[in-house]
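Protein chains in written order, with our numbering: chain G, 32 to 403; chain H, 926 to 1212.
These are computed hints drawn from the structure, not numbers from a lab.
Pairwise CB distance ranges, derived in the manner of DEER restraints:
hint : chain 1 : residue 1 : chain 2 : residue 2 : range
1    : H       : D995      : G       : P189      : 44 to 50 Å
2    : H       : R1119     : G       : R34       : 22 to 28 Å
3    : H       : H1010     : G       : S233      : 23 to 29 Å
Coverage of chain H stretches by chain G, computed from C-beta distances (three or more under 8 Å per stretch; other residues unrestricted):
hint : region
4    : 938-944
5    : 1128-1142
Keep in mind the model is a prediction, meaning the values are calculated, not measured. Don't be surprised by glycine CBs; every beta carbon is placed ideally from N, CA and C.
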Amino acid sequence: MIRAGIVGLGKMGLSHQSMVNAHPGIQLKAVCDTSGYVLDVLSKYTGVTTYTDYKKMLAEVPLDCLFVATPSKYHTEIVELALERGLHVFCEKPFGLDPDTGFRLADIAERKRLVNQVGYHYRFVGAFQEAKRLLDQKLIGDLHHVRIEAYGPVVLRPKGSTWRAQKSEGGGCLFDYACHAIDLTNYLIGPPVAVSGTVLNSVFSSDVDDEIYSTLQFGERFFGQLATNWSDESYRKMSVRLNFWGTGGRINVDRQEIQIYLRNAPQTADGFTKGWNVRYTTELTRPVWFYVRGEEYSAQIDHFVQCIETGATPLSTFRSASDTVLIAAMLRQDAQMPRTAIARGAAGVVAGRGAAAPARPKSFVRSLLDRF
Amino acid sequence: MDRVLFGDNQFFGVNHMSEEKARAQAMRFQEGGAIIQVLEDAYAEGVKAFMCTTHERMTEICDFFRANRDKYPDYVFYPCMPYAHKYANAAAELGMLGAVRSFLPEDNKLGALLRGGMSLARQDVEGLARLLIDAEMKMFAGLNTPVIFLQNVATDFLLGLGFDEAFKIFAGWVRERYHAEPAFITMNAPLLQRRLQSAGIENPIICANINKIGFRMCGGMQAYEELIAAGRCRLVAMSVFASGALPPREALEYVCKFPQIESIVFGASSRRNIAQTKQLIDELTHR
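Here chain H stands alone, though its shape is the one from the complex (with noise of 0.2 Å):
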């Protein structure tokens, strides 16, 4: 993975320190060029990896860098899947079934026959989910994605619920299918690591919060910091500012004097932050 990622948040009008800052935001980036404005100047200042959302906004971003494949030849998306939130009002419109089934290609015989309720009554539940995976990436076809992971909702949803099947599931279909590394975004890394790791699934990409306050990081700083330096997954910091609690140096400095820590993402707006943030990130990570 590179070290530093891109991430997408201030795209999609989340932000959660302010909804007036996030709905300016939602603003801003109402048209795609805005956002693809941002994703160049992100690349040109050196950070070529895009960790997205399957937000269906997406969809012309991903055309623009498809189309442009020789201007941006080492450019990386790391899917970040599924979007909740078209899942959760679809759920409160359709009925959780009904949810489900509306996101089922229609153009692929498996999924009209779940569509019909085939196989939703046969338990087929990896079948299912390979359907619904397959759906995600289809705005991605022709594009690099060497990640794929899987959105902390549905992440801590499962590791609440004690569906460790679903992860193996996840992790073998990506693997298989899109010759892809697994990963995993949540809000409790330590207990998630455990609960992989007895299933099976070894050193896998973790991506938690990681900052110098402890803003949602589950089971307590002292657990994560064990977790980082037992060395058993691959982690991507996020959430590093603490949503701008935190100035950018003192915050920077707390998640690089991790060695183990692999990635840390972030998002910004403005060129000149994600330059200040990329050389911050390159002079304490060779210090």
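Same shape as in the complex, but just chain G (with noise of 0.2 Å):
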């Protein structure tokens, strides 16, 4: 049995305890959350051992793994403690504000050997693995597109009192939100080499961003667009999608189906034709043990004990968070940047009937490269 602590009681920790206290391989001994009220509730009615201070319970309460999910600024001072002590991790996204500090607690996990994921759920999700397992396989040629986006309602008024609407608490749309689209896109296909004109605008926040637009590049000759805004409420919920086009076709992949555009009949054995392919959420996504929210909440968690018990990689780790993380600096970085842009009327912009198009500097590429 693997004794497990979740520091930080929110939507994000108390979801987590309830799929945790009703996993099988796992005995729930202690929780920890700044709010009196919640553990008051929770000790009386569900017996759980409460702490307000995690560096106590982390002392007191003899532990296998721990379950982070305070605000995101709290993470790694927390997640270092834990590793310190020898505990496996599950912290939630975006795993810290800082890609170096990332980068030195996956070091650190790794060289502990010690299980390290991050709550990337959108990994879990059946579509998305099975776009993963078609892309691999190149099922649609060589990719020279990709559009990602991420809406959803979160903020729709000026006026917001928690941490995701303040900045020095880690709030704002870039890592509170894109980061799953990042994070998915680099499950997907891996991580951009270079990010250009990338815009952090706010709608209704005051302190944060709301909105990130950004062009990103996978390759020579691979461009995506990157779209996310966390104030549309024409969305019930949060919905990530990505459309990929291919030498050979075009896949667009939602939570709930996949859609695969073949130009000519596959020579594998998944039953593709020429045309339009769908698949569907009730056909991709495996049982789990324990339903609360989505499959893939639950998923995760048990991927995280499984890892545990059998010594493999997650799926999602402090390193793979860390690269999102880092993507996310570069577009923060890159949206402080003086714009280049032709404003129109600028001089030497000739329209018309033999005009020679500017030509494409050669050192494009490099140049973005450079930036970084």
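Got two chains here, each in a separate frame; can you build the complex from them with the hints?
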């Protein structure tokens, strides 16, 4: 039986508690939060041991693993202490706010051979896993474009009192929301080598960004566009969608379904035909032992347990999460750079017949790469 | 309970198969009138029980049936609470306690005290739960609500925590205040049944996915079939078509072969589909 503790009982922490507690391979030993009310209720009605100081909890309760679901800015110190004590760690995303610290923690965890996982749950969605399988086998040929979109209703009015609306606490759409889309992209096709033209814009928030748009480069002839906006009320909940264009066809994928367009009938035994092929979540989702809010949330916890038991490397590690935070940091830095834009009416822009198209500078790719 | 219950996912942009379809439905049912039209069609086909989320948009549907009681005298609502996204979105914006406070009634003495943080500090979970239930039930005043459901996200969250007392609080208040049967929606029916039984809630109404391909039947199909056979709860089968993955006849043949399943809930947008499903269930039930 794996002995577990949880630090941070917000929306994610409580949802983890429910699933961890229901897992037959885990024994939940203690939880920690700063809200006395939540702790009192949990202690009274579920009998769990509670703490308001995680250091005290780690010192007093013998544990094998720790789940960290505090606001992002506290991730580092808590994870570091847990690793020091030799605990396997499951940390919520984005995994800190600074890639260097993230990579340092990854080094420590790997050196100590501790299972380290980050809660990028989209990696556990059946449809995205199927997309990964198909992209890995180059079903749609060489990729030349990807459109990555994430929309949802998180910040819908100027006033927001939680940490998500505060830059100093690690709030903002980039680190708290866009990271899901970035991480999923990294998982599916690897991280971009460069980013450019990034816009971090505020819609309602006064202190943080609410939308991010950027051009990502994955290869010499492979570009992508990222669009995320957490102030979109037309979505019932967060929606992440990726569209891939390749020389052999196209893949559109979201949580519910994967649509595949193939220019030619493939040689594989998957039963795909030329033209459109659609696979739904009902056939792509593997059953879980306990369901609260989506199979992927349960599956990632079960995966963590299995990695502890077998010593396998998780699908989402401190290292892969730090790669994601690194891309987020690149986006933030790019957004602060002076814009190179062609203004309407700018001198030297010749429109109309006979005008030569401006040549793309030879060093375009190089100059992008050099910026980082 | 009625044999056939009408569900509401299609009205509120919920579709487990496709976001595009969900959006198209959200557009079609933007006006309450479009929802009412479908409910009237369902009624005409003999589907007279509406199992509906306590979504704020239900208010105008309730108003309609209150105003037309003589036309639909035997119409019943089975409210399903809470509408989770309302709480989840509020929690993201206001924090946990802020969200709870924001849904408490203002025109109630205890509510006012709770809003001020009074009995939150006293850990009066039961008082708080009652107020939240009352807030969700407000829109159904004067309508017939013989069964009241706890939504699966709440049921399963509490089930995982081991917060079994909450089920007793819910069941107790639903019986006492609304003279209704407490009911529970879940994705983990075999586990829930065992826990409700040990909490002293005998023969509860449980609504769960029951379909031929085992979609979202946590604990496995065998455990579900044993649960059905044991007859220790009153079952409502939902997601019988597994979000459209199964053809209607094949799907309903599976569910109807269990006489212990009391009701079947399904959602549809066209009168033709409603009629077809209702007739199929009738035919397979009386076989």
